[in-house]
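Q: Here is how the chains run, residue by residue.
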Amino acid sequence: DVKVTQSSRYLVKRTGEKVFLECVQDMDHENMFWYRQDPGLGLRLIYFSYDVKMKEKGDIPEGYSVSREKKERFSLILESASTNQTSMYLCASSRVAGSYNEQFFGPGTRLTVL
Amino acid sequence: AQSVTQPDIHITVSEGASLELRCNYSYGATPYLFWYVQSPGQGLQLLLKYFSGDTLVQGIKGFEAEFKRSQSSFNLRKPSVHWSDAAEYFCAVGAKGGSEKLVFGKGTKLTVNP
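In the order they appear, the protein sequences are chains A and B. My numbering puts the first residue of the first sequence at 1, with every later residue one more than the last. My numbering puts the first residue of the second sequence at 1, with every later residue one more than the last.
Hints may contain errors.
Within a straight-line C-alpha distance of at most 35 Å, the following computed DSBU-like cross-link-like pairs (lysine-lysine) qualify [claimed, not checked]: (1) A:K53 <-> B:K61; (2) B:K109 <-> B:K61; (3) A:K53 <-> B:K49; (4) B:K106 <-> A:K71; (5) A:K3 <-> B:K61; (6) A:K70 <-> B:K49; (7) A:K18 <-> A:K70; (8) B:K96 <-> A:K57; (9) B:K109 <-> A:K13; (10) A:K18 <-> B:K109; (11) A:K3 <-> A:K57.
Hints were generated in silico from the structure; no laboratory data involved.
In isolation and in its complexed conformation, chain B is listed as follows:
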């Protein structure tokens, strides 16, 4: 069965600083990988996704993520954080050829200081 670990529960960065949110997954085959963002009181919005091919994927709002098979990681990055990026971020993994379900990490809450 798949599993996802987001090691950081809460991260604080200054506006304009770079950001990296960590995600490690456990799955025997090639996974489908997603990052979602949730603003306070809202549903989840897809930031980006990886299915196959180029391991560096670009998403919305200037985010990117890199799939590293050797490290079982799919870390999310942004070169310069804006105050509006303050939110909770969820990594998720799906099974290629398997269940239709996704397994979500517990989330990382991002605080942006002015």
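Bound conformation, chain A alone:
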């Protein structure tokens, strides 16, 4: 069974802390994505990685950075967490060839910044 896992289901951090959200996929997918989900706004793409060490900004990259040192792992970093980054964060992956862009999602991390 294919799987995307996220390091935490729930996370509580304080304003100004550096926060790491980890995502791992076991499908040997080339593409990995980070989204944030807020009520009424749907899914918004933060960053996208199409290969190791390669990344592309999404629609809302401000306040975030990413790291992809290994193919299976994609990390989202909040350099200095703020209360407006309280949200549900979803990781997804897809393969390049023959996938028609179908994405597989992890269970999500609900982050609260106090």
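Start from chain A and add chain B according to the hints.
A: Structure of chain B alone, referenced to chain A:
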């Protein structure tokens, strides 16, 4: 660029009633189309997808969707709703031969009354 509209933010149906969730997309060529479902506090699960061929596609959990090019629509249907279908539903569009990314609608929340 692609875009997706889900006109209904919230729909309430009675258990056993039929269901139709609307999705309209904007894209110049033949799109890849998806419906995902998200149960409370969970990640997104793929219900069904359309790439080409037969415009009526069957998915999991008894769902189906019909691609209508003339109306730029990909509506999701189920003949008889079960209480366990209560969730949020997202329509998404991908670009054939284009970016690896998907564009998601803002979602429709389904409530099922007993």
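Q: Decide, hint by hint, whether the structure agrees.
A: For each hint, the structure was consulted:
| no. | hint | in the structure |
| --- | --- | --- |
| 1 | A:K53 <-> B:K61 | 38 Å, violated |
| 2 | B:K109 <-> B:K61 | 17 Å, holds |
| 3 | A:K53 <-> B:K49 | 30 Å, holds |
| 4 | B:K106 <-> A:K71 | 30 Å, holds |
| 5 | A:K3 <-> B:K61 | 20 Å, holds |
| 6 | A:K70 <-> B:K49 | 29 Å, holds |
| 7 | A:K18 <-> A:K70 | 21 Å, holds |
| 8 | B:K96 <-> A:K57 | 21 Å, holds |
| 9 | B:K109 <-> A:K13 | 29 Å, holds |
| 10 | A:K18 <-> B:K109 | 33 Å, holds |
| 11 | A:K3 <-> A:K57 | 24 Å, holds |
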